[in-house]
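Can you make the complete structure from the sequences, with help from the hints?
One line per chain: the protein sequences are A and B, in this order. Mapping of the first sequence onto the numbering used here: position 206 corresponds to residue 206, and the numbering continues sequentially without gaps. Plus 1000 on top of the position in the second sequence (first one is 1) and you've got the numbering used here.
Keep in mind that the hints were calculated from the coordinates and are not lab data. Heads up, the beta-carbon is just placed ideally off N, CA and C, and yes, glycines get one too. Hints are not guaranteed to be accurate.
Claimed, not checked - Partner residues are not named here, just some residues of chain B that face chain A (Cβ under 7 Å, in silico): (1) Ser-1159; (2) Asp-1160; (3) Val-1256; (4) Arg-1259; (5) Gly-1266.
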Amino acid sequence: MAKTLLQMKEITKTFPGVRALSGVSLDVREGEIHALVGENGAGKSTLMNVLSGVYPAGSYEGEILFDDRPCAFHHIRDSEEVGIVIIHQELALVPYLSIAENVFLGNERARRGIIDWEETFSRTRELLLRVRLQENPATITKDLGVGKQQLVEIAKALSKKVRLLILDEPTAALNDEDSENLLQLLLELKGQGITSIIISHKLNEVERIADRITVIRDGAVIETLDNGERNVKEDRIIKGMVGREITDRFPPRPPAERAEVALEVEDWVVYDPLFLDRQKIRGVSFSVHKGEVVGIVGLMGAGRTELAMSLFGQSYGHRISGRMRLNGREVTLPSPKEAIRHGLAYLTEDRKSAGLILMDDVRHNISLASLGKLSNRQGVIDDNKEITVAEDLRHKLRIKTPTIFQKIGHLSGGNQQKAILARWIYADPDVLILDEPTRGIDVGAKYEIYGIINELVALRKAVILISSEMPEVLGMSDRIYVMNEGRFVGELSREEASQESIMRCIMQSNREVA
Amino acid sequence: MQKAKELFLTNIRQYAMMVALVFIVLLFQYLTDGVLLRPLNLTNIIQQNSYILVLAIGMLLCILTGNIDLSVGSVAAFVGAVGATMMAVWKWPVIPSIFLCLLLGILIGCWHGFWISYFRIPAFIVTLAGMLCFRGLTLVMLKGQTIAPMPELFRQLSSDFIPDFLGAGGLNITALALVGAVLLAFAFFDLRDRTHKLAYGFDVLPLPLWMLKIILLGAVVMAFAHQLALHKGIPMVLLLLGFLVLVYSFITQKTVFGRHVYAFGGNEKAAKLSGIDTDRVFFLVYANMGLLAAVAGLVFAGRLNAASPKAGMNFELDAIAACFIGGASASGGIGTVAGAIIGGLIMGVLNNGMSIIGVSIDWQQVIKGLVLLGAVAFDVYTKNKAAK
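Right under this line is the structure:
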């Protein structure tokens, strides 16, 4: 048996209010491809961040042995020193620099601070040969496709004498051909003695190339499957990923009665705003009834947020086409302002960068979308009314803050989220799109937010719930649409829906495309 | 009490600048052997700095969006030149000319705003271009010459004093009466606001403390008015400035538009997703800057009693510095009109005081530069501390 290259022992990592990893142990053998699978939020990325020093030694409990030597990384640089290189899902290349410059970024071939271009280019040429990328090292990186950029990242890793290569969702953004190339390359590198850890949702790829597969769920290792014979099947992996008991994590709600349709969308097509000819949403049709929670699930990159934002006043995408009816009337909503006016609200998945005015107080953050209601015809705000409204919502939603004059940046994630929810509740929409409403918040606050959703539904609001946490969608939704690669690939009733059936919808559509 | 402490801590920057202003005034009052606050000099300080303060008000809005406007000095010069040409060369009537000049300022602001908000060309670049263009157009307009003098009515409106209807020479009774009336009005509205807050059940200042506040404020303002009354009374410019400060404080603090500006600067994406027409807000901020640049240009022309090709040089930098000293954040979303005015006054008093005690212009620049750096460093320091 090959020797063990990496051992992580009993790693426990907690964030304020959340235990992201509890006693995770992982060992990786020299020269193997080790796959790490699990749902979004299971703790895969956290584990890799611990390993690479993004979370410095001391901020977690447990022990890391690399090459049988204990390691305490304080910085990514420390882990790269011993040969651990991580390639993140969002590529870290500088778009306007050449391939060669990117490959040696931070590690420049230089003598006394003066760059040796000869060596830089000749070394880059060698590395590109190794990753089988036929490009001139002087090519500007932004002119390359995502697949080729991925290869540049790997070349960059190889330039650092990598021994353990970690790839986070390397094929998520790639088309089939590029994915295939990348997987072949990984196998080739394995032949050259490079060990890799691959994090992936694409289980068909995992079952093909991984020697061993570790399944993580809820911050703990469930099992490590030996795939030396390539005999582990997708279904077996899915079972490990989702086999969780769901008990009482969601407040009960009477099932929705059939009511009139609140929102109806037909043939919704959206193009990517950057890659203009790429269809991001490919003809989606669906409807939401009053007093109903409709879940939209899908893997990362399926297009859920893009769909939601394009519906909400065309906040995403271009060349948007399709028809949309709100309460039976056909509408076009060219801006968020119009969307809000017509009774649509969108709670962003990205609380910090697209939701909050961090430097402002709780009160102003709550009133932001409804200043029209708080002001007279001349546009003068009634301060006193504003304060009353904010206080009222603070009590109703139990936002924990000393006063509504507190800077919202000082609140915990869960309370910030409640404040944004308060903003939209005060805007009094008919249809609420909640995009990852419980991302990064603790269990208690989650439960409270579920309670708020139930109250909204009781008031005959229609709620669209987008979440990467499948149990949440399963526990909260009356109906579930499964989304994959810009399409709806399944509609499941509450009874039909299970993690297995959802995964099957996705995998099946993947196979159809392939 | 906890609340008062918190309020104090969150506003420490503003109070700190107020304290710094008082300190600087007292320091120079001592260093100049009391010349600084003499009636004549006090009037001078107001008149010398009025146009910078007007610009600082508009600039504050630009800075709230996280940008600056480099063109205001050139725009002020250009509007001054156009105004002088209309009134002094073409002999057009004064009042309509003033309105045309203000309109011209708004148009120039719209021009900048159009490129900045609808084309999203960085404001720095658009207004740098404006700075060059309008400086050039000023020279074209004036053919390199100075136009002087301005018509009497214009001079009176911009750089004269409110005539003393009530008094008979000596102490200017009108000035005192006017300031007193403003104070009473302020006390009345503040009391009304307090009653409203009480009716809503909010915390308010206890009555004795409230009275102390009004009395202290009244004493300081009346002492200031008394000094002015000893000279020629209230400069027209002060009236204009007071009006602008009131209006723009109101707009920024009490109106939907003001809130939109803060939200825009605080997080444009969040503002947009909350239904705010961010392009329109951005456009209006720059259109407004054009208007205030025009006002400043006219005030300056009135004070010089001329339009000169060199008018308005470096005004933009002084206005920007005033805002930053007054607590505005370079990344947007934070700052107040009152702060910008205090910042402008700190610079003004420093200028004036140093000139009186004979510090040369070159060293004045050095000191002003260090004050700007020090004020912002203090800001960053207190913020970092608050974050911990």
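Do the hints match the structure? See the list:
Taking 7 Å as the C-beta contact cut-off toward chain A, the hint placing B:Ser-1159 at the interface is violated, the least distance being around 33 Å. For B:Asp-1160, the suggested interface contact is broken, since its CB lies about 33 Å from the closest CB of chain A, more than 7 Å. The interface hint given for B:Val-1256 holds, since its Cβ lies 4 Å from the closest Cβ of chain A, which is under the 7 Å cut-off. Annotation: interface hint on B:Arg-1259 holds; nearest CB of chain A at approximately 6 Å, less than 7 Å.
Contact between B:Gly-1266 and chain A, as hinted, is supported at the beta carbon level, the nearest pair being about 4 Å apart and thus within 7 Å.
Checked against the numbered hints listed earlier, the structure breaks hints 1, 2; every other hint is satisfied.
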